[in-house]
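Asker: Read off the chains here:
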Amino acid sequence: MYAIFCTGYGANVEQRIILISKTLKFYSLFVMLFFLISCAPVETKKEPPESLESSEPTKKIPIEEKVIKEKQSVLILLSSQTPSYQQLAEIISQKLINPAVIKVLSGQPASDSRILKDIEERTELTHIVSIGVKAAKLVKGLKNKRIIFAQVVNFKELGLVTDRMKGVSALPSPEKLFEDWRILSPNLSSVAVVAGKNLESYLLRAKKAAESHGIELFVEQVKTDKEFIYKSKSLNPKIEGQWVLPDNRVLSAKALKEVMAYASRRGRQLVVFSPKLLSFGGFLAVSEDVDSIAERVLQRVEDSADMDIIPGNGVLPVMSHTMGINRNIARQLNLNIPQEYQAYVNGE
Amino acid sequence: MVNRVVKDKKSLDQGWKEAHYLRSNLKSGLRDEPVPQRPIEWLRRVIRESPLFTRRKSKSLVNRIVWLLLVWSLVIYVLGVAGLWWSSNRVIEDNFSQQASDWIDKLDEMGTPLYAANDEFLFHAIEEHVSKFPEIFYLRYYEANTNQVIASYTSNKLGEVYIPELSAAIIEKVRLNIDSDQPVLIKTAEKKLSLVQVASPIVTRSIREDGLMNLDLELNSSEIYKIIGYLELGLDFSHYRSKLISNIFMGSLAVALLLVGAAVLGRFLIKRSLLPLTNMRKPLELLARGNINVHVEGEGDEEIVAIANALNTTIDALKSRDEELRKLANYDELTGLLNKHNFNIQLRQEIQRTIEENDTSALLFIDLDQFKHVNDSLGHAAGDRLLQQVAEVLKNRIRSDDVIARFGGDEFTIIAKSINEKDACIIAESILKAMQQFVFVESGQAFNIYCSIGVVLIDDDKFTAEEIFSQADMSCFHAKSEGRNRYHMFDLSEQEELRKSADISWSKRIGDAIKNDYFTLYFQPVVGVSGNEAEHYEVLLRMVMDDEEIIQPNAFLPAAERLGLAVDIDYWVVRNALRRLSEFEAEDRDVHLSINLSGRIFEAPDLIEKIQRHITQYKVNPAHIIFEITEQTAVRYIEKATEVIRELKDMGCRFALDDFGVGFSSFNYLKRLPVDFLKIDGDFISDMSNDPVDQAMVQSIIQIAKTLKKQTIAEYVQDAATMELLKQFGADFVQGFYLGEPVKDITKKGFQNTLKKVSSNVVNL
Numbered sequence: 003m004y005a006i007f008c009t010g011y012g013a014n015v016e017q018r019i020i021l022i023s024k025t026l027k028f029y030s031l032f033v034m035l036f037f038l039i040s041c042a043p044v045e046t047k048k049e050p051p052e053s054l055e056s057s058e059p060t061k062k063i064p065i066e067e068k069v070i071k072e073k074q075s076v077l078i079l080l081s082s083q084t085p086s087y088q089q090l091a092e093i094i095s096q097k098l099i100n101p102a103v104i105k106v107l108s109g110q111p112a113s114d115s116r117i118l119k120d121i122e123e124r125t126e127l128t129h130i131v132s133i134g135v136k137a138a139k140l141v142k143g144l145k146n147k148r149i150i151f152a153q154v155v156n157f158k159e160l161g162l163v164t165d166r167m168k169g170v171s172a173l174p175s176p177e178k179l180f181e182d183w184r185i186l187s188p189n190l191s192s193v194a195v196v197a198g199k200n201l202e203s204y205l206l207r208a209k210k211a212a213e214s215h216g217i218e219l220f221v222e223q224v225k226t227d228k229e230f231i232y233k234s235k236s237l238n239p240k241i242e243g244q245w246v247l248p249d250n251r252v253l254s255a256k257a258l259k260e261v262m263a264y265a266s267r268r269g270r271q272l273v274v275f276s277p278k279l280l281s282f283g284g285f286l287a288v289s290e291d292v293d294s295i296a297e298r299v300l301q302r303v304e305d306s307a308d309m310d311i312i313p314g315n316g317v318l319p320v321m322s323h324t325m326g327i328n329r330n331i332a333r334q335l336n337l338n339i340p341q342e343y344q345a346y347v348n349g350e
Numbered sequence: 006m007v008n009r010v011v012k013d014k015k016s017l018d019q020g021w022k023e024a025h026y027l028r029s030n031l032k033s034g035l036r037d038e039p040v041p042q043r044p045i046e047w048l049r050r051v052i053r054e055s056p057l058f059t060r061r062k063s064k065s066l067v068n069r070i071v072w073l074l075l076v077w078s079l080v081i082y083v084l085g086v087a088g089l090w091w092s093s094n095r096v097i098e099d100n101f102s103q104q105a106s107d108w109i110d111k112l113d114e115m116g117t118p119l120y121a122a123n124d125e126f127l128f129h130a131i132e133e134h135v136s137k138f139p140e141i142f143y144l145r146y147y148e149a150n151t152n153q154v155i156a157s158y159t160s161n162k163l164g165e166v167y168i169p170e171l172s173a174a175i176i177e178k179v180r181l182n183i184d185s186d187q188p189v190l191i192k193t194a195e196k197k198l199s200l201v202q203v204a205s206p207i208v209t210r211s212i213r214e215d216g217l218m219n220l221d222l223e224l225n226s227s228e229i230y231k232i233i234g235y236l237e238l239g240l241d242f243s244h245y246r247s248k249l250i251s252n253i254f255m256g257s258l259a260v261a262l263l264l265v266g267a268a269v270l271g272r273f274l275i276k277r278s279l280l281p282l283t284n285m286r287k288p289l290e291l292l293a294r295g296n297i298n299v300h301v302e303g304e305g306d307e308e309i310v311a312i313a314n315a316l317n318t319t320i321d322a323l324k325s326r327d328e329e330l331r332k333l334a335n336y337d338e339l340t341g342l343l344n345k346h347n348f349n350i351q352l353r354q355e356i357q358r359t360i361e362e363n364d365t366s367a368l369l370f371i372d373l374d375q376f377k378h379v380n381d382s383l384g385h386a387a388g389d390r391l392l393q394q395v396a397e398v399l400k401n402r403i404r405s406d407d408v409i410a411r412f413g414g415d416e417f418t419i420i421a422k423s424i425n426e427k428d429a430c431i432i433a434e435s436i437l438k439a440m441q442q443f444v445f446v447e448s449g450q451a452f453n454i455y456c457s458i459g460v461v462l463i464d465d466d467k468f469t470a471e472e473i474f475s476q477a478d479m480s481c482f483h484a485k486s487e488g489r490n491r492y493h494m495f496d497l498s499e500q501e502e503l504r505k506s507a508d509i510s511w512s513k514r515i516g517d518a519i520k521n522d523y524f525t526l527y528f529q530p531v532v533g534v535s536g537n538e539a540e541h542y543e544v545l546l547r548m549v550m551d552d553e554e555i556i557q558p559n560a561f562l563p564a565a566e567r568l569g570l571a572v573d574i575d576y577w578v579v580r581n582a583l584r585r586l587s588e589f590e591a592e593d594r595d596v597h598l599s600i601n602l603s604g605r606i607f608e609a610p611d612l613i614e615k616i617q618r619h620i621t622q623y624k625v626n627p628a629h630i631i632f633e634i635t636e637q638t639a640v641r642y643i644e645k646a647t648e649v650i651r652e653l654k655d656m657g658c659r660f661a662l663d664d665f666g667v668g669f670s671s672f673n674y675l676k677r678l679p680v681d682f683l684k685i686d687g688d689f690i691s692d693m694s695n696d697p698v699d700q701a702m703v704q705s706i707i708q709i710a711k712t713l714k715k716q717t718i719a720e721y722v723q724d725a726a727t728m729e730l731l732k733q734f735g736a737d738f739v740q741g742f743y744l745g746e747p748v749k750d751i752t753k754k755g756f757q758n759t760l761k762k763v764s765s766n767v768v769n770l
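Protein sequences appear in the order of chains A and B. For the first sequence, this note's numbering puts the final residue at 350, and the numbers step up evenly by one. For the second sequence, this note's numbering puts the final residue at 770, and the numbers step up evenly by one.
Hints are computed from structural coordinates only; laboratory data are not their basis. Possibly wrong hints are sitting among the right ones.
[As the list claims (entries may be wrong)] In silico lysine to aspartate or glutamate, DMTMM-like type, Cα no more than 20 Å apart, as pairs:
#, chain 1, residue 1, chain 2, residue 2
1, A, 209, A, 182
2, A, 256, B, 724
3, A, 256, B, 110
4, A, 256, B, 186
[What the hints assert, rightly or not] Short derived list, chain A residues pointing at chain B, Cβ under 10 Å:
#, residue
5, 233
6, 256
7, 257
8, 260
9, 278
10, 282
11, 314
[Unchecked claim] If you want the footprint, here are the derived chain A segments under chain B, 3+ residues with CB under 8 Å:
#, segment
12, 81-94
13, 206-216
14, 302-310
For every residue, glycine included, the Cβ atom is placed at its ideal position computed from N, Cα and C.
Only chain A is shown next, with the shape it has when bound in the complex (with noise of 0.2 Å):
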């Protein structure tokens, strides 16, 4: 799966077909193998808490298994039409045994409202999974539904976390990150990361995931675009490595621009959440992997078959990523780019 979309970023058609023909020959190997060893435990990685209410590990569950047991009506609410929403939705519905209604807002309320009155009157639907903020933001009155969140950075703020209504985290893994990050670039020590409020858990994590690698984080707040740009220019000279997450309340445009060349003509590696940043002078793009979103969001789905609650901490973390490499940046930077994460590297 890894590289299905690994090559999406500036792999060519054949690649990708060669790729993705590949996989499903694994994919099909995988479920044989699957259903010889199905009473068996399925060996996950070991992740670290994703949040302060979730800071224990959760077991991966097998996505087949899960949907044998599922037996609930489920409607996905998508934000937009964004074709990573539109891709996450698909991989969900398919995952279901009954097919799952996917709607989307059009961003008209009239639209919206009609939409969230159509879902609060059909009964049959047990479980809403929202994609993206508007979508929570749109569902998370409802009373008679389970709903679970995706896509959503700052859940906090907006209050989206309650006993029927938990989500499922849109950030990636820290521990992941700066695992793949010591690879890159041995000789890194420090490392910042400029970000809005209400991430302080998160960032916690981060912070220990970065140490445990003997990464220092250097964590600082801000609350609009111009304290982004102005504390990012301002972080210490000697910090080799800036962290942008995707905190839509104190990025624009322009600060990730600005930002982004500062740390460029400083020979700062930067690590972004896209692949779109890496042309930007993005180091590494750290971006969430779709299926191991579904995975949480049907396990969360699945964990609350039988109750009026979504059992569980307010968000579960994904423990797996996607990766892209901006070569030109890395030799810029005197790194080298082991073997095993060439398949990462832009355009190859």
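Chain A is fixed; fit chain B onto it per the hints.
Answerer: Coordinates of chain B only, in the frame set by chain A:
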């Protein structure tokens, strides 16, 4: 005495007129002055005649071109400097605008902690920073909600000048400028400061919810804007402006120096380029002065070569024309021998030479005997061929030093230099012999052409050229009278006899003149001393010869008297004088004419009738006619004269008694003659200013005239002193060379000028 004056040689004059015209054209550059008729033509003329486009101011073409170059360079220079100033200002303004924009960006970013922490103390860092930049006059940060200044900085340079805070209207304008990258320019009232005031909103942006999932940094539409404050900035650009002025000055100076250098170089190059043209100046100046012995060097550019070639061709043409004219002036076109004009000069020179060198030469006058017969029977072309062949025969008979000329018609003249009488006879015989041997063959017929020769020795200074020629002419006439084909050596003792023979010649000439109007009238002004403005002229007669020579009346009137042709001449004069008078009167001119009558006319039986007929025929006013008869004539024909005078006076004419005083006639006659004017004889007037006796005589005559109630006319007035005396004596009219010579054509203006001369003379007195 016969005065021979060469006058109005048409061919010569015409040729020189053409040459002069060509020369004038060369001088003026064949430029005609157009007469402007329309405004556009007038404008063109003004431009053409402006100093830069005319040759009056700049005499040198090179200088004119250099001046044009300089003026043009100056124009370009001024335009260039103006353009430089304008464009530099624009660039400075653009740069400054960009600089202002950069400053806004920088200060916007620097002001971030101010808004984040809301702590004014943080502003000190900004203040410290901007104080290092002298171009910043002041700086203000505003809070967005209250529009209040939360932090400000003012440079010392601003001094006492207070710049007011942004008004609500300007803040609104700045707020609306949120989408622009450029700050808002605020118009300042501080004209004395080089101040640029700009303002910009301080904006925070954030990517919209869900926007990070489909991030596109090129699309700002996915962002949310929020104004958190405003930034106002005052920038001082005087430093830049002074630097700009300094740079432009230096640049202009450099350009000016380059232009001066270019002008010097341009002048050198232009002078060099126009050197072939300049080289043409000297020969052209010589040409303009009439010297055609020049050659214009044509080198360099093909245009110059073309001009030089054209000029050389013109000069060659002028030379040819000049040579042709010289030939026409000095040589006979038909025979190539000297012509009459040149021969006369040669004759005078030879007379002078024989006197100076005490030498003897001879003049031979040759007249062909049968020429008229050939000419009449075979035509003029045959006659011309005969003359050419005779000329060849004669040329072969003379020495190289001798002079031969075709005098006119079939007459040839030879000056045989340094010979005595015997040798002259030998030459004459030799010529006769040659002519006897000469046979002229034409149209199958053979003609023996003989000639008659008159020979005169040129051996002393007693006779003038005209007299010597006349003697040769008479001798030739004598030879012809003797039977032709012979020569006759002039003998002074034969002169009277020869004169008689010559009279016969005059008879023919006078007869032809009367018949064919070979006479002409000249007019000499007679001016009233009292300032009478009526034009008054004495009519004088001249004879025009075949060769346009003008003969004075004293040359032919004696012969005419002897031959009984005087009356015919009188009638010719009266008829033509009245005709001219009628022409003057037709021109509405108040002209009075004095007409001389000879004594013989009183013998004519039809005198009164003829005069009456002419007056009627030409419809002239008889009062404008004054007949003049000499005192001697009047006394000689006293009875008849008195009768004629009375009759003509009855018709309205007036009479003048000419040459009064010279005849010493009895005053009794004067009492009897009813004349109106006494014309005092010139002998009394001409030397009157030096001769007291003449003065007394003139005074007496004037007194007598006044007593008899007659007016006086004083002729031969030759100077102002005489004029003064006549005025004092009370003369009524004056006449003479001092007042005006006889002329053929008279104008009213000319007479008025003469009058002015008399008046000014009077004033000067």
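Asker: Confirm or reject each hint.
Answerer: Hints, verified against the model:
no.	hint	result
1	A:209 - A:182	15 Å, holds
2	A:256 - B:724	117 Å, violated
3	A:256 - B:110	12 Å, holds
4	A:256 - B:186	12 Å, holds
5	233	9 Å, holds
6	256	6 Å, holds
7	257	7 Å, holds
8	260	9 Å, holds
9	278	6 Å, holds
10	282	7 Å, holds
11	314	25 Å, violated
12	81-94	holds (count 6)
13	206-216	violated (count 0)
14	302-310	violated (count 0)
Going through the hint list in order, the structure does not satisfy hints 2, 11, 13, 14.
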